[in-house]
Amino acid sequence: MRAKLIYALGVIAAILLARNLYSIFMQLPDEASQGMIYRIIFFHVPAAITAMLCSAVAFVASILFLFTKNFRYDAVAVAVTEVGLAFLAANLVTGSIWGRIIWGIWWTWDARLTSALVCWLLYAGYLMLRHAIEEPTARARIAAVFNIFAFADVPIVFFSIKWWRTQHPQPVFWGGGSIDPAMYWTAALNLLALILLGVILSLIRLRQEEVQREVDSLRRYAHAV
Amino acid sequence: MDFFRQMWVITRKDLRAELRTKEAINASLAFSLVILVLFSFAFDPTEKETVAMSGGLLWIVFAFAGTLVLNRSFAREVPNDCLDALVAAPISGGALFMGKAAANFALVIAVEFVSLPVFGIFYNVHWTTHFWSLMLVLALGTWGLTVIGTIFSALTVNIRLRELMAPLLVYPMLIPCLMSAMQLSMDLIAGKPLGGENEIWLRLLIAFDVIFTALSLVLVETVLVG
Amino acid sequence: MDTRNFTFMFYGFLAAWLILVVYVLSLVSRERKITEQLKGLKGLLDYKERK
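Chains as they are written, first to last, in this note's numbering: chain X, 11 to 235; chain E, 82 to 307; chain H, 15 to 65.
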C-alpha cells in the first residue's frame, strides 16, 4: 500500500518538476537587474520552506514520541530531519552561488544565511547524537529531547540574527515586493513539487528505519535462541 | 519551599565536591588565561578595532572555559553509580537540575570574575565604566550558558565520545545567548549604557534564559529517567 | 534570452540537485545494507532451527 503511494507521489512530483523546469527556462522572461540567475529562486526558496516544514514535523513527532513512547514517531522524526537537512543544504548552496553572482562573495554573514547555517548545524548535531547512542530506547528519548531544544532555538536564532545583520534582499514573496503572477505560480508549484519530493524521501527513509528496527530485534532474537 | 531546600542541598554538595579537588575550576581558569594569551597573537591588542570587539572575545573565552566546568557536572556522577542514587533520591528532577545549575553558575562566575581583570589588563580595556550593567549582562549570559551546558551534560551523560559530543551540541544552541551577551558587552565596554538600541539584545537574553530554563525544568526528568 | 551568468545558474541548479541525488544515493546504500543484514540473519535463524 505504502509502496503504491510512494510511486503515485513520485509520478506527480516528476510531472510537476518537468512542467516547472519547462516554465522556468522556456516561458518566463528575464528579470531586469539580475539576468538569468534569478531563476534559481524557484528552488532556493521552496527548499527553505520544505526544510522548515520538515523541522516542524520533526518537532511534533518528537513530542508525540515522548508522550506515547511509540517508536514510529521516533522513526518519523529521524526520517524527516534527514530529509530536511538535505533540503537545507541545497538551500545554503544555491543561496551561496546566487550570492556569488549578485553580491560578488561566496558567503556573507547576513541574517538568513547565518541562521540557516546555525539551524543546519543544530540538526546535524541531532543526527550525530543519534549515531552516538546505541541503545534504541535511550537513543529515541534523548534525540527527542534534543529535537525539542533545537526547534525552540530555531526562531530565537532567526530573530536574533535578523536583528544583527540585514544584507539579505527583502523577501520577494512576502515582503511587499511586487511579483509577476506567472512567476508566483511557478514558484508555488515548485514548492508543491519539492514538498512532494520531501514526503517521498521521508517515506522511504521511514520505511528503512522501521525495517532496521525489525532487523535489530531479529538479530537480538537470533543470538538469544 | 521544599524545592529550594532540595536544590540547596544539591548545590552545596556539588560546590563542596568541586572545591575540595578544584580540578575543573583550575583547568577552566588556566584555559581561559591561555585563550586570552592566544587571542593576543591572533588580534593585535593595541589596534583600535581589537579594543572595539574585545567584548566579543571575552564571551568566547567564557564560553570555552565554562564548557569545561559544565560538561563535568553530570559526568562526574557516573562513576560508582552516583547518578542512579541521585535519580532515586526523593528530590524532584527539577530541584536536581536547578541545584546543579546553581552550583555550575557559581563556579563559572568565579572563573569569569578572575578572567575579567586579566582581560582588562592584557587588552588595556576599561571595563569598569558601566560596572553594574556589565555585571548584569555577565549574570544573564552566564545563566544562559549554564542552563544549556547543564541540561546537555545530562543529555550526553551516557553517550560514548561524551567529551566530544557535548560541546558540539551546546555551541550552536548557545548562539543567540552568546550573540546578545557579546553585543551588550561590546557596547558597555565602549562606554555606551544599556537601553535604547541595546534594549533588544537585553530582552533577547532574558527571553533566552527564561525559555530554556523552563524547557530544561520540564524535560530534565525525561532525560534522566525516561 | 539574456545569457549573462548562464554558467553560474547552471552550477546553481546542478549543486541543488546533486545534493538531493547524494542523499538519494545514501538512502540506496542504506537499503542495501539492511537487506544484507536481513539475509544474514535469516540464514542464521534457519541454521539454528535446523540444528
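Everything labelled a hint here was simulated from the structure, so no lab data went into it.
Incorrect hints may have been included.
[To be verified] Label pairs and their in silico Cβ distance ranges:
1. H:59 x X:13: 45 to 51 Å
2. H:35 x E:198: 54 to 60 Å
3. X:226 x E:239: 54 to 60 Å
4. X:28 x E:129: 55 to 61 Å
5. X:12 x E:161: 47 to 53 Å
6. E:93 x H:42: 53 to 59 Å
7. X:202 x H:36: 19 to 25 Å
8. X:198 x E:291: 33 to 39 Å
The C-beta atom is built at its ideal place from N, Cα and C for all residues, glycine as well.
Going through the hints against the structure:
1. H:59 x X:13: 45 to 51 Å: Between residue 59 of chain H and residue 13 of chain X, where Cβ atoms are some 25 Å apart, the hint is violated.
2. H:35 x E:198: 54 to 60 Å: holds (56 Å)
3. X:226 x E:239: 54 to 60 Å: violated (19 Å)
4. X:28 x E:129: 55 to 61 Å: The hinted range 55 to 61 Å holds for residue 28 of chain X and residue 129 of chain E, with Cβ atoms some 58 Å apart.
5. X:12 x E:161: 47 to 53 Å: holds (49 Å)
6. E:93 x H:42: 53 to 59 Å: holds (56 Å)
7. X:202 x H:36: 19 to 25 Å: Check passed, 23 Å falls within 19 to 25 Å.
8. X:198 x E:291: 33 to 39 Å: holds (38 Å)
In terms of the numbered hints stated before, the structure departs from hints 1, 3, listed from lowest to highest.
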